[in-house]
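Chains A and B supply the protein sequences, listed in that same order. Numbering-wise, our numbering puts 284 at position 284 of the first sequence, and it's gapless, one number per residue. Numbering-wise, our numbering puts 454 at position 138 of the second sequence, and it's gapless, one number per residue.
Just so you know, the hints here were simulated from the structure itself, not pulled from any lab data. If you're wondering where the values come from, they're calculated on a predicted model, not measured in any experiment. Do not take every clue at face value.
Straight-line C-alpha distance at most 25 angstroms; calculated SDA-like pairs for lysine to any residue [stated by the list, open to error]:
id : chain 1 : residue 1 : chain 2 : residue 2
1  : B       : Lys377    : A       : Lys291
2  : A       : Lys21     : B       : Asn364
3  : A       : Lys291    : A       : Lys209
4  : B       : Lys399    : A       : Glu43
5  : A       : Lys58     : A       : Leu207
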Amino acid sequence: MKAFTYQRVHSAAEAAASSYKTPGAKFIAGGTNLLDLMKLQIEVPVHLIDIGKLSLNKIEQLADGRLRVGALVSNTDLAAHQIVRRDYALLSKALLAGASGQLRNKATTAGNLLQRTRCPYFYDTNQACNKRNPGSGCAAIKGFSRNLAVIGASDSCIATHPSDMAVAMMALDAVIETVNPDGRTRNIPISEFYLLPGDTPHLETTLKKNELITSVLLPQAPGGKHIYYKVRDRASYAFALISVGLILQKEGTGHIALGGVAASPWRNRSAEKLLPSGAKAVTEKLLAGAKPTKENEFKITLVERTLAALLEEGRS
Amino acid sequence: MEESNNNITRREMIVGTAAAVTLSLALGNIEKVAGFTRAGTHKLSYENVSMTINGKKQSLKLDTRTTLLDTLREHLQLTGTKKGCDHGQCGACTVLVNGQRINSCLSLALQHEGDEITTIEGLGTQENLHPMQAAFVAHDGYQCGYCTPGQICSAVAVLKEIKAGIPSHVSQDLIRHPEISNMEIRERMSGNICRCGAYSNIAEAMAEIAEKQA
């Protein structure tokens, strides 16, 4: 790791203000992604602001039934929370499908949203990568792209977002709550949170500079049947080739989001309206315009077959 | 031909270009050597941290980059915990922090001010084995032994997690209290890999302890 100065802060406001005062500073919460990247000098903060022990670690149900999840709630605590298991089962299932017990104990809600791609060319600092080093090219496009994006990608970058939790949050219409150094708060619907690579794959979210996520707000319990299906090369402890997060209501309508196919969890409300018409109709609309590589075009068929199986399971 | 002050000679051109190239190379090298980034300078920095490790309070002054793993192994000579991958992928570095298992390679020592850490050395000794350690011996739950401290720390934590009602990816019913089954044990231990393949014996060791605790 490159050397850095370190500071513990005692409030979200102090954290945002410190970040503003110190160019090159980064927040550290769990650190399970940041430290991984720092060891490879892919992330090189000059200053770390440790927000790990701030009191943003509560889950509270609001009077109107919405659920506010503190940014620092661990993945384990979020997945195990009684209200989440009962009313937002998709979220619990998605979290439990990811990482390992050790990682889930340390990783935080906001950190999970902000984790960076595991594209092997992003990770290998010997390779051309526009995300890691803007303008250097993308070695993935003509490389081993089996695990990479089929839609929403560009000539600059075909990386995928690795998070399972984010797929569930996309299907659940989560809203990300933040605070800025000037004290102003902001609400960012998750559908507006992630940026697709375009010409600027190094820009991944719509967070402003020095903006700190304080919590995630889930809407009232959606009801219905919740299924998170993760297709991967191993039964556990591997990232998704594709994943499907599905909330299915009795009438056959619902919400669906995909993981493993793009730089963001992938959701399309007009495709979703076709759920009663079956997997083929939904997949055609949901993945319309997909530009897979030869190595990952199987993902499109895999999405359709997985969705068909889930709809079958959902109806039973 | 009249030479005006604005014309440069070929000699001046060559010397000037060489100087410009040398200067930019030097600046480029300074960026790498002195640790400049566009955002600022990387300053070597030491900070104090205090934590309780295996019941003993330790106060250390460490390079801010020191992971909890390196603190244990290099600074406190607690070499039971192992460095397998140093990237949170193998679980050999698993320790208990405030009773919860984490990968100590992906944590800075400084993140643990005031925390209680338990390493394999703190679980048991040769004279006084932790029941899980005894079960690993009885069931041949290791071959080379390198992943074993991480496996044992994880195993102890897994049984606590099940007891606390934390569900897993294989839990059939998310609401109900998870059961202790072979599948549950295997899923929950998936963050601890073993190149020697002692997995089935590890699971049996854990099953024995789980039954004893039931």
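Comparing the hints with the structure gives:
{"no.": "1", "hint": "B:Lys377 x A:Lys291", "result": "53 angstroms, violated"}
{"no.": "2", "hint": "A:Lys21 x B:Asn364", "result": "23 angstroms, holds"}
{"no.": "3", "hint": "A:Lys291 x A:Lys209", "result": "32 angstroms, violated"}
{"no.": "4", "hint": "B:Lys399 x A:Glu43", "result": "22 angstroms, holds"}
{"no.": "5", "hint": "A:Lys58 x A:Leu207", "result": "22 angstroms, holds"}
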